[in-house]
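Here the numbering used here is used: the first residue of the sequence shown is 3, the next is one more, and so on.
Misleading hints may appear alongside valid ones.
Unchecked claim - Derived EDC-like pairs (lysine to aspartate or glutamate); straight-line CA-CA distance at most 16 Å:
#	residue 1	residue 2
1	Lys-73	Asp-41
2	Lys-73	Glu-22
3	Lys-73	Asp-26
Note that these hints are calculated values from the structure, not bench results.
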Amino acid sequence: MTTIAPAAAYKIATRLKTLEQEIDLAARSSARLPADLLDELARAGAAPIEGQRMLDAAAETFAALVEARGKVARTHGLLLAYAKEQGLTEAYGDQFPCQQFVKGLAEAAAQAAGADVVRIAA
3 MTTIAPAAAY
13 KIATRLKTLE
23 QEIDLAARSS
33 ARLPADLLDE
43 LARAGAAPIE
53 GQRMLDAAAE
63 TFAALVEARG
73 KVARTHGLLL
83 AYAKEQGLTE
93 AYGDQFPCQQ
103 FVKGLAEAAA
113 QAAGADVVRI
123 AA
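Given the sequences, and given the hints that come with them, work out the whole structure.
Structure, rendered in C-alpha cells:
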C-alpha cells in the first residue's frame, strides 16, 4: 500500500482545519441573516410574511453550510484514521484537535461503508 509522507498528511490536515474554520465563520454569519432581515422588515413597516421567501433561502443557505461542514469534518476524520493507521501521527504528535470526535467520524464512515477497513489506533 502506498503511503503519503507525514508532511503531506499534516499539510492536508491543516488545509481541512482552515476550511472548517472558514465554513464556521460563514455559518455564523448566515445564522444571523434571518434576524437581520426581520429587523429590517420591521423597520420598513413590512410584515414578516413579505420576507418569507428570503427567510427560506437564508435557512437553506445555513443548512447547506452545516452539511458542508459535516462533510469536511468526515474527510478530516478519514485522514486521521489513515494517518494513525500508517503511523504518521507519531512523527508529529497528535496535531489533530478534537481527536475523539474525529475518530468517531472515521469509525462511522468505516461502518457506513460496510467494511472494517479503517482501523483506528487506540
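Hints versus structure:
1. Lys-73 to Asp-41: violated (33 Å)
2. Lys-73 to Glu-22: holds (10 Å)
3. Lys-73 to Asp-26: holds (13 Å)
Checked against the numbered hints given earlier, the structure breaks only hint 1 and satisfies all the rest.
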